[in-house]
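Student: These are the residues of each chain, in order.
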Amino acid sequence: MGKRASPLDIYALLDKSNCKDCGYDTCMAFATDILERKITLDDCTHLNQDPKQAKKLAKLRELTSPPQKPVIIGVGDRKCIVGGEEVLMRHQLTFYNKAGIFIEVPDDMGADLENTIKYLNDVKIERMGDTLTIEGIALRCVSGDVETFKAAAKKITGISGLPIILCCLNPDILLTAAGEIKEKKPLLYAATKETWEKIGTFAAQNSLPVVITSPNMDELISLSATMQKLGVKEIVLDPGTFYGPGSISKTYDDIMRLRTAAIDNDDPNACWPVMGVPASYWTQVDTNGDVVMHQYQEVIMAAIMIAIDTSLIILHTGQKKDEIWGLLALMTLRQSIFADPRIYPTAEPGCFKIGEPGPDAPIFVTSNYRMTKIPVEQDLQGGNIDCWLLVVDSEGIGIESAVAGGQFNGGSIAEAVNEFKVFEKVNHRILIIPGMAARISGTLEDEANCYVLVGPRDSSGIPKFVEELWTPDKYMAEFAERGD
Amino acid sequence: MPFEELSKKLAQLMKDTQEIELKDVDLVAEYLEFEMLPQMIASAAQAMGMPAPGVAQWTPAKLKFDINFPGEIETIQFIRSKGKTVTIGGEKSPPFYNFLGLEKRNPNPPAVTYDVFDTIAFSPPKPIKEQYGDVLKSPPEWAKFAVDKFGADLITFHSLSIDPGMGDAPVSKSVKFLEDILQAVNVPVIIGCSGNKKKDIELFEKTAPATESEVLMLSAADKATWEEVIPLAVKYDHNCLLWTSLDLNNQIKMNKDAIELGLPRNRIVMDPTCATLGYGMEYSFSIYQRMRMAGLLGEKDLAYPISGGTTNAWGAREAWMSEKMAPEWGLREYRGPMWEILNALSLTLVGLDLAMMFHPVAAKNVKDITAQFFKEVPKELNEKGYYDWASANLKR
Ligand code: SF4
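Protein chains in written order, with my numbering: chain A, 1 to 484; chain B, 485 to 880.
Rather than coming from a laboratory, the hints here were simulated on the basis of the structure.
Nothing false has been slipped in among the hints.
Simulated pairs of lysine-lysine, DSS-like, Cα-Cα distance not exceeding 30 Å: (1) B:Lys681 - B:Lys657; (2) A:Lys98 - B:Lys546; (3) A:Lys193 - B:Lys548; (4) A:Lys16 - A:Lys55; (5) B:Lys568 - B:Lys784; (6) A:Lys464 - B:Lys610; (7) A:Lys320 - A:Lys79; (8) A:Lys464 - B:Lys808; (9) A:Lys193 - B:Lys868; (10) A:Lys69 - A:Lys52; (11) A:Lys233 - B:Lys868; (12) A:Lys185 - A:Lys233; (13) A:Lys321 - B:Lys879; (14) B:Lys660 - B:Lys610; (15) A:Lys155 - A:Lys79; (16) B:Lys657 - B:Lys719; (17) A:Lys229 - B:Lys548; (18) A:Lys79 - A:Lys154; (19) B:Lys848 - B:Lys660; (20) A:Lys98 - B:Lys848; (21) A:Lys59 - A:Lys98; (22) A:Lys320 - B:Lys868; (23) B:Lys868 - A:Lys150; (24) A:Lys320 - B:Lys613; (25) A:Lys320 - A:Lys185; (26) A:Lys155 - B:Lys879; (27) A:Lys321 - B:Lys848; (28) B:Lys610 - A:Lys320; (29) B:Lys546 - A:Lys233; (30) B:Lys737 - B:Lys784.
With the hints as extra help, turn the sequences into a complete structure.
Tutor: Below, the structure written as structure tokens:
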């Protein structure tokens, strides 16, 4: 890995007055969080207001800028930042800017364009407290006609604030449309060895980000050097996405090589976001037969790219509502890979009230892994079930793994029962455990001196379960008999 | 402001502030004036919101970098004495890297083993039931179907029902099933257990000698059972899966303990726990990646292949829930297998060598795509096919 600055390197350049204006008690604390990218240099008033510190500020910016530069596409609330990564593997720190998912839209859709854009603008999936969306639209010039392309670009910016990639290999058409919507900061796709001068000059003059493309890595790197010399300030690298045996390894290799050169070797030309176009499946492979099996291949390529922190991908599958399964899978994968590994998603253990539980309300037991607790809680609330939810400290591990690993067992649940005085809240001694934890029933009954009812394997089954099986008197009668 | 005017102003400015340049730059004055001026114009222009004038000149450059992996992952084989052999491991590079030279190329694609259970009381998800139909009632027929119809190279036979909480079936029944499966198929079989310590030890005590002529895998030794299970793998020459719970240090410790108990290095497979996509998969992802990188960098105690139960993907409601219950997620028929594919595939990218899988369509896709990485790069790339994406009509 390229050498990362240490907090001391940062501290040396700060004001050292510990003035607390930034909200930190000391400049050293500020330095530490600067490196974690929790705050920016703009947060230190002294650095920014004192002209004598301008040089230090410039030096600090250099020290803290990531080895792979960020590129911003679009403007406003939905502008998309891609690249800007510090590390090759997420466990080395964290990945910062999630892979931008852009959906392709042809310019010749006619009346369908509006509905398509509206759908893409609004499509979202709520998941574990995050709202998952796509990042933008890749408008393709299928018509071959400059007016149609230009009109479509204009139309999209009128309907939606989603960032746009203008895709056309004819530089004249591309730049005409770009001129039309340049204040929306579209990404230009793409400059090649043949067209770099025209597109690069335009991009430099208008401060627009531009994709450079070549399947030959030395040529791509030369293009990067050339464009930078030309004054282009934001570049995205497209090494090409190739399908088929062997070709896929070239695609994978090139993304890895570019990222490695940027991040571990501080290469001044590879230091840009890298993109892929899974959508190109449809022009490379014979797509006869079951269309879903073809969509699978595109989604699989996209998943590989997301997993290796490719900065931006363009998809065909996902444009239509009935293809949401593909986006659901990819956006969930992305949510996982880009989760900060420094934060373990635990929920607070405790006994929580849901609705208005009476004395014979059921008690559900779950783990304190956030992604277990949240859906259970939502299902209980959604089903209008008045009950208690006992969240047990399973060291933040989900039920299935924690049962196998012993963190969710009779002992740890019994402890929580005592700690949170669970049975004082009701007039029974019944615990309902997740179906996946069935095998701990016996030990739990002994350790917590209670009756254990095995609930459904997934909390979505709880409403039905309560309706059909929640008969506390009967269970308590059984429990009393056992005691005799 | 026109450039001539600006540069005049700047030249003026420079005269007045000579000491700045002289302090910062260790160059002679004539050279300095000549070189600094355009640069200053550029920065001044930029500060005024004007684009920097660039130079249009093709600038050749080369992509270079320097990485080195001195370690090598153990090669593990599963051997049917009169049938097929499956080999995993042997990597000298991170997964799927081809650019470090031919001699560094990884020799074996990840293997996929198809799950077979001794009971379906846990009620497999509908998309899987539809693929297998009636054979689900008979483990040997199920295994045979997986091999004949879906091309399975490996089978994992899980004895769940021996667990007292799952029916407390006698271990003798599992032994019989296993023998019948070995009769029915000629691919290696992994012997999976129930999670109940006492019954699992008994299971391996009976099945390990009964299959002594083969090199199978005992799945698994964990923190409760390792002292009993590992010696059985040693004695009857089977591979042994060493299972730990998302903890790198525990895995190192168990690997060392296994070596101390006499398990040869080429009989060790690690399972640091495979979590479900959307429900913590990233923990497995990073632990696998750390383990694999450490192994390749020369940490011998982690230089073993990794196995993972990606069947866990079906625990995610996004995979199993019907479209009636979750209409906003699209058809289960599509998202279910895709969930398992992405769970397995993303882990193969960080070191998974053996994926234990459930849905045959998911298994086939993972096998097909990973195999493609092990083929020669074609001399001619389909460049036209690629760049056409920007302008062609795409099928729907
Ligand atoms: S505002 Fe700047 S000078 Fe003041 S404490 Fe924070 S970092 Fe230090």
